[in-house]
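Enquirer: Line by line, the protein sequences are chains A and B.
The first sequence runs 1 to 344 under this note's numbering.
The second sequence runs 345 to 961 under this note's numbering.
Check each hint, because a few of them may be wrong.
Claimed, not checked - Simulated coverage check for chain B against chain A, where a stretch passes if three residues somewhere in it have a Cβ under 8 angstroms from a Cβ of chain A:
(1) 377-391
(2) 603-610
(3) 813-826
Unchecked claim - The following label-pair restraints were derived from C-beta to C-beta distances:
(4) B/395 <-> A/213: 53 to 61 angstroms
(5) A/20 <-> B/711: 49 to 57 angstroms
(6) B/479 <-> A/325: 24 to 32 angstroms
(7) B/633 <-> A/324: 18 to 26 angstroms
(8) B/790 <-> A/21: 51 to 59 angstroms
(9) B/354 <-> A/324: 46 to 54 angstroms
(10) A/217 <-> B/805: 40 to 48 angstroms
(11) B/832 <-> A/222: 49 to 57 angstroms
(12) A/21 <-> B/929: 56 to 64 angstroms
(13) B/664 <-> A/152: 28 to 36 angstroms
(14) A/12 <-> B/834: 53 to 61 angstroms
(15) A/20 <-> B/843: 49 to 57 angstroms
(16) A/8 <-> B/540: 57 to 65 angstroms
These are calculated hints, taken from the structure and not from any lab test.
No residue lacks a Cβ here, since even glycine has one placed at the ideal position from N, Cα and C.
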Amino acid sequence: MSEVNSVLPTLTAKDFSTDQEVRWCPGCGDYSILAQVQKVMPTIGVPKENIVIISGIGCSSRFPYYMNTYGMHSIHGRATAIASGLKATRPELSVWIVTGDGDSLSIGGNHTIHLLRRNFDVNVLLFNNQIYGLTKGQYSPTSEENKITKSTPLGSIDHPFNPLALAMGADASFIARSMDRDPKHLQQMLTRSHQHKGASFLEIYQNCNIFNDGAFEIFTEKGSKLNETLFLEQGKPLIFGANQNKGIKLDGLKPVVVELGENASTDDLWIHDERDFYKAQILIRMFDDPRIEGHFPRPFGVFYEADRACYEDALNMQIEEAVAKKGSGNLDKLLRGSEVWEIA
Amino acid sequence: MERKEALLQDVVIKFAGDSGDGMQLTGLQFTNNTALLGIDLATFPDFPAEIRAPQGTLPGVSGYQIRFSSDRVYTPGDLCDVLVAMNAAALKANLKSLKPAGKIIVNIDGFDAKNLRLANYADGVNPLEDGSLDSYEVIKIDVTKMTRESLKEFTDLGMKEKDRAKNMFVLGFLYWMYNRSLDNTITFLTEKFGKKETILQSNIKVLQAGFNYGDTTETFTTRYRVEKAKLPPGSYRSIMGNQSLAYGLIAASEKSGLPLFLGTYPITPASDILHELSKHKNFGIRTFQAEDEIAGITSAIGAAYGGSLGVTTTSGPGMALKGEAMGLAVMLEIPLLIVDIQRGGPSTGLPTKTEQSDLLQAYYGRNGECPMPVISASTPSDCFSAVYEAVRIAVQHMTPVIFLSDGYIANGAEPWKFPQSSDLAPIEVKFKTELGFDEEKFMPYLRDEKLVRPWAVPGTPGLEHRIGGIEKQNITGNVSYDPENHQLMVKIRQEKVDKIADYIPEQKLDSGAEKGKVLVLGWGSTYGAIKSAAMELQEEGYAVSHAHLRYIRPFPKNLGDILRNFDHVLIPEINNGQLVKIIRDQYLIDAKGYNKIMGIPITKTELVTEIKKYFTE
Ligand code: SF4
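Kindly generate the complete structure, drawing on both the sequences and the hints.
Expert: Given below as structure tokens:
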């Protein structure tokens, strides 16, 4: 947990907005995400000047311009790598990476997995809209199979990534999912991402109402949300359903949906434990296409959290150790070396 | 017995053997031994393309050439006086670079039927026996046998381990031949094998055996001596190019007060900079072996954005991958150093061979109008001050800078009159720390008289701002798609780089008169060859002058005047004509190229011939 500095001036969401006109399409899910980030920032106890937002390219990557903090709108896919260099040298900064599904999983996929395995203490906000918005509507690495887009008139033949499974594969130390349409939950997840010491990977379902409208409707709309989503809470059984009448139980390594009542009680259910490395992998794989009969509800919340040394800490420790062992660098000694001769 | 001692002025030795024979180590040891005596020298390691090509074959030959002299030395020598050939392939690959009547020291064990076949000698042909080497002085030694013999008592060493010490025998013999002491190599071996007593003792034993072999065998009647060179007075050490470059970066970090961050991906021949810098963490240096070339540069951009001295190192293929990120650094206008140790291209090209073929890439190889300063080094020790200067330009002009070296400079060694840290001019860095009294809001793209914008790093209260790769509005730095603004910004970025010419020294001639018939204009590693050729011709009365560029973009302001003082401008390059294109473009003169694209340096001899052509027309 970060320390809250008591002498910080009290700021509000307004202090984090800029004079730049927000240029996303009206109705875009990015607006809500921006609003939640602006709401959360004053509460995390970090001075405004110590917050840095780095983005790549894509609709979501316009984000830094609208945040009155330090920010860089960089190049496609590289925000994660830029953030790595910044965090390695300035560990005291709170570094946020804003990226999209194309930015972080396609062109920047390599940097994403390496950032996660190195475990820099940064926050990755992956705005997943399952489409390329800025280039006007091609399928993305998270688009579902058979998707008809401008570049796939006969349907996409790419198999999509499960972003959280990818993060888990890269040994991310914090893995969570939220959505643009649930402001409260999103705020909680942003706060949790910040609080986690290590690389936080937060996938946010974001509606692109222009090129992929309704991609997550089934999870976000009142009529279906309760039956189709599963909100994870630490230490609580996995319960969902319109009347909180369904749950997930583990049958060996297999999750099964059960109706609560005569045959199953909450005592039989899987109790969520964010620290359970193995169960997290099962939970992350509950990712079926909601169009398929008998599919699982889609989980939201913190899937997994682990304590693991951060790259920047280890890096700086090596420097301290080198200084302790050899003393602070002496330039004259270095330049002189060990074999010197004199010419008179 | 009576031994003669002959005084020599200038000697070139080439150590050649299989890549497993330890020729690089032998060469380096001989180099340090020579340097410590105050003899001037230059070296040229010639690596095989493969890490371990099949043993005994031509592609597996590894060479190390050293020239040492009591006079000043600027090149490792065109041809060698002595060729050490550990096997048949080494002889075959290098015989053409031996002077007429030169000495060949051969390990006859490397000339058995198998080795001869692997070296592609025809069936039944052995150059040691067929008289083909009669015009040379051949010294045949069964190095393998002697090595094993001298290690008889080392019963716990296997035959393979014993044979590994062969190069020490040769080194010991050459130490005898050139009247040297074994001390520095014994110290080196002690440091290297300190904990492995048997290996240490066996290496020392073989080294001494080689030395004693020369001493006791009656066939060798003459020992040679080369006197100290008349170098300017001072303290000297031996230095290699990449090492000197790394030291220059450390010095620049110390003298600017900026912590050094290196973001890089391993690539030949640049990796040694990473290796060297990662040894010196006690200078507060952070080295980051990134996941790829792009992360190498972008992590360095992140570090520079945070107020560090951001550096990335690479070679040609990596330069190509970093292009987009360089453009970002140009837009962000933050200091950054991109070091390119050039090698043969295109594509993977010739990774272990030298070339100067990335100049146009450095100059133009990015999307959009994307000017960046380009600085180059001309010798191993020059890397130190040249890179120091490149850092100064980057941080004082808020710009990414490309630094060009090449494989020949990177791996070459020479004596270096190293500076005292107090001799180095401090590199002043200005961070913006607060709003001025007349400023209401921070303007990230408001410029000073150098057209340089302020460096305001995260963590500074009141200066929160956003930058990025999209076109900036002048002064405010806000996103702008305005047509006039874009034209203005393109012009400003160009002018900012051009203006650097006001802050660099004027070009000087390296040798020769200010006016004359031929100016040989060079850059980078052709320095020694051009210098030697020009000086030789000047002595013979030719009106030849030599100028060597460190600043390639922008050029020193007086370069045009210098060029116009000569009837002809000749530009030798290890590429297909790159600087010559830029010079012709910028100065509208009929400069001519001399181009060698074989992955090896241009020699003095061929340059002399080329220059003379301009006098016979
Ligand atoms: S294209 Fe889609 S993602 Fe992009 S701003 Fe418009 S609605 Fe949002």
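Enquirer: Which earlier hints turn out false for this structure, listed by number in ascending order?
Expert: 5, 6, 8, 12, 14 and 15
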